[in-house]
Amino acid sequence: MLIAATLAILVVMILAIIRGVLGPTLYDRILAVNMFGTKTVLLISLLGFVMGRPEFLDIAMVYALINFVSVICILRYSDAFGFKPQEKDS
Amino acid sequence: METILSISSALCLLIGSFLCLSGGVGILRFPDFYTRMHAVGVTDTLAAAMILIGLMLQGPEWIAILKLIMILLMTLFISPTASHALAQAAIRNSLWPLIDTQQETAEEKSHRTPS
Amino acid sequence: MFAVVMLSGIYGLLSASFFVVMDAVDVAFTEASVGAGISTLLMLTAVAMTGRTEHVTRHKPYLAFAVVFVTGCLLIYGTLDMPYFGSPDAPSHQHVAPRYINDSMQETGMPNMVTSVLASYRGFDTFGEVTVIFTAGIGVLALLSVVRGRESDAEIETLNDSMHEQYLILRIVIKMLIPFILLYAFYVQFHGDFGPGGGFQAGVIFASAIILYVMLFGLGTARRVINQSFIQILSAIGVLIYGCVGLVSILNGGSFLDYSVLSDDALAGQHLGILLIELGVGCTVASVMIIIFFKFAERNEYIQSKNGKST
Amino acid sequence: MILGLYNYWIVVVLMMIGLYIIIAHGNLIKKIVGLNIFQTSVFIFYISIGNVEGGTAPIWGEGITLYSNPLPHVLILTAIVVGIATTALGLALAVRLKEAYGSIEEDDIQAMDDQKTDNKHC
Chain A
1 MLIAATLAIL VVMILAIIRG VLGPTLYDRI LAVNMFGTKT VLLISLLGFV MGRPEFLDIA
61 MVYALINFVS VICILRYSDA FGFKPQEKDS
Chain B
91 METILSISSA LCLLIGSFLC LSGGVGILRF PDFYTRMHAV GVTDTLAAAM ILIGLMLQGP
151 EWIAILKLIM ILLMTLFISP TASHALAQAA IRNSLWPLID TQQETAEEKS HRTPS
Chain C
206 MFAVVMLSGI YGLLSASFFV VMDAVDVAFT EASVGAGIST LLMLTAVAMT GRTEHVTRHK
266 PYLAFAVVFV TGCLLIYGTL DMPYFGSPDA PSHQHVAPRY INDSMQETGM PNMVTSVLAS
326 YRGFDTFGEV TVIFTAGIGV LALLSVVRGR ESDAEIETLN DSMHEQYLIL RIVIKMLIPF
386 ILLYAFYVQF HGDFGPGGGF QAGVIFASAI ILYVMLFGLG TARRVINQSF IQILSAIGVL
446 IYGCVGLVSI LNGGSFLDYS VLSDDALAGQ HLGILLIELG VGCTVASVMI IIFFKFAERN
506 EYIQSKNGKS T
Chain D
517 MILGLYNYWI VVVLMMIGLY IIIAHGNLIK KIVGLNIFQT SVFIFYISIG NVEGGTAPIW
577 GEGITLYSNP LPHVLILTAI VVGIATTALG LALAVRLKEA YGSIEEDDIQ AMDDQKTDNK
637 HC
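Chains as they are written, first to last, in our numbering: chain A, 1 to 90; chain B, 91 to 205; chain C, 206 to 516; chain D, 517 to 638.
Isolated chain A, as found in the complex (with noise of 0.2 Å):
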């Protein structure tokens, strides 16, 4: 189960890349970065319970909180740049 687990999270990750990728606005792509964040703190989680070393669970819990930081920091700057989605992004 646990591993069923894992390859899921796995292909949801490959989706979120591909919307990363793609993504026609700026927020596309943060949200994209966002939703990759989480689903590494539970990919983190579920390895440490595969691999029967619990230490893991330390650095899941750095990601779940250095994603949020960058998701807020990314926002803050594309607000102070005064982001318009009309222009197209390179």
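Just so you know, these hints were derived from the structure itself, not from any lab. Source: prediction; values computed, not measured. Mixed in with the good hints, there may be bad ones.
[Said to hold, decoys possible] Part of the chain C face toward chain D, derived, beta carbon under 8 Å:
#1 ALA302
#2 PRO316
#3 VAL319
#4 ASP330
#5 GLU334
#6 GLY400
#7 ILE438
#8 LEU439
#9 LEU484
C-beta: ideal position from N, C-alpha, C; glycine also.
We have chain A already, so just place chains B, C and D on it with the hints.
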């Protein structure tokens, strides 16, 4: 007791992975940013909670369970806040949701004609 | 350009999960906090300052492609002699690694071999790395410092109020989170002997909590909370702590960075030495990251105000 | 089996992507991104060397006999933090170049420099 625990944990993991997958399909298939965010924001929180609870039920020692609870609390805090901030930033920078204009005008017309 | 930065953020997350699969817990820890958080953030600031458009390259990339292709082929030819992936009898596992794996528990009393190798066996290396980080901090300080007048309290207050309305929910959540992040940074710092963690990771996590604060409460408020000159002194103090531990061990009759002589009991000495060194590393890394971020943000503000005046 | 070398090939591919970005793109920030990719490929190279089949994370535990090699982990751990510090320095230089030249494209900067030296000769 052992079997009950493992079955319930497997069930939780199953629900969690299903929710994850549906969120993943949602982020890829929905037409505009806000619906995508809806798909991700809603499923993400519950999926994470389900998977973490599923792991907790398998937890080998109390310190691991404690850490899982911390992660769970953090996810419950962070995930909705991030979604909220994202939506707020998007709407402030005038990214408007995709509205089916044709249907709306048709409805308006149908409202107007009787009067 | 924003898309590039965003994708490189995803790349950082991805490579960190790769490190987890490869059993490199400590490395994954560092990559998680650095690659996903701080580097994305710095790139973003730099992109915001330098403009987000990019010229289309005019010259043909064929030459570059040819060079890269030939180099790649040569490198792949070179890998044919390498030991197979994961084989336990590869040369890299024969040299000093068995000693670290087998004896570090007796010699240093640390369950986490990475910490004991980092701080004790290879203490000289780490000293060098810390100095490099310190130097990079000084470099950024020299390049990006802005002379600025004192801003009045009223200005800060008005900015604060307007931000308070805009980011009410975020602010409340973050106010609750920041103490946990700081506490967690300390946990990582002092738990490095037993689990994944240590000074490098703790420093970055600590800095990211401060960065989060700056993001939502504005530079002016943050400058009042965190004294800049104190942070600059702290980064030097971190390196000094490291060097002084080495000197004290010389004075006690050992060699440089030999902690066994720090206390009567060799194991206790090792523990004390590694703890102090990790503390020094943590101080330097945290304060250098904070300095770098502050300087970037100040420069950004300065450029924006200059542009505002000229237009 | 020659396929047992696949980790090195992945590293080489990543490394070459990084190198290509550094050579072919004129934008300085993009060059730094390329440098980062190159750096990460080196990290992956070291870590995959340190991996032992059937081994586990190098944290001492009851009844575990086979660990991964801790030495590459130590080297890379410090390298990551040093890497971010140097990246910050590079970005700072790019920001200052933007202020001095008004552009971070290599060609534009080169053109401006050439113009300056030409003026001096005249």
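>> Tell me if the interface restraint on PRO316 (chain C) is satisfied: Cβ within less than 8 Å of some Cβ in chain D.
In response: holds (4 Å)
> Holds or violated: is the Cβ of GLU334 (chain C) closer than 8 Å to a Cβ in chain D?
Replying inline: holds (4 Å)
>> Does LEU439 (chain C) hold up as a contact with chain D if the rule is Cβ-Cβ below 8 Å?
In response: Check failed: Cβ of LEU439 (chain C) comes no nearer than 16 Å to chain D, outside 8 Å.
> Can LEU484 (chain C) be said to touch chain D, with a Cβ gap under 8 Å?
Replying inline: Status violated, d = 16 Å.
> Are ASP330 (chain C) and chain D close enough, Cβ to Cβ, to be under 8 Å, as the hint says?
Replying inline: holds (7 Å)
>> Given a cut of 8 Å on the nearest C-beta pair, is the interface hint for ILE438 (chain C) held or broken against chain D?
In response: violated (18 Å)
> Taking the closest Cβ pair, is GLY400 (chain C) under 8 Å from chain D?
Replying inline: holds (7 Å)
> Quick one, is the ALA302 (chain C) hint okay against chain D at 8 Å, beta carbons?
Replying inline: Holds, about 5 Å.
> Taking the closest Cβ pair, is VAL319 (chain C) under 8 Å from chain D?
Replying inline: holds (5 Å)
The structure fails to meet hints 7, 8, 9 from the earlier list, while all remaining hints are met.
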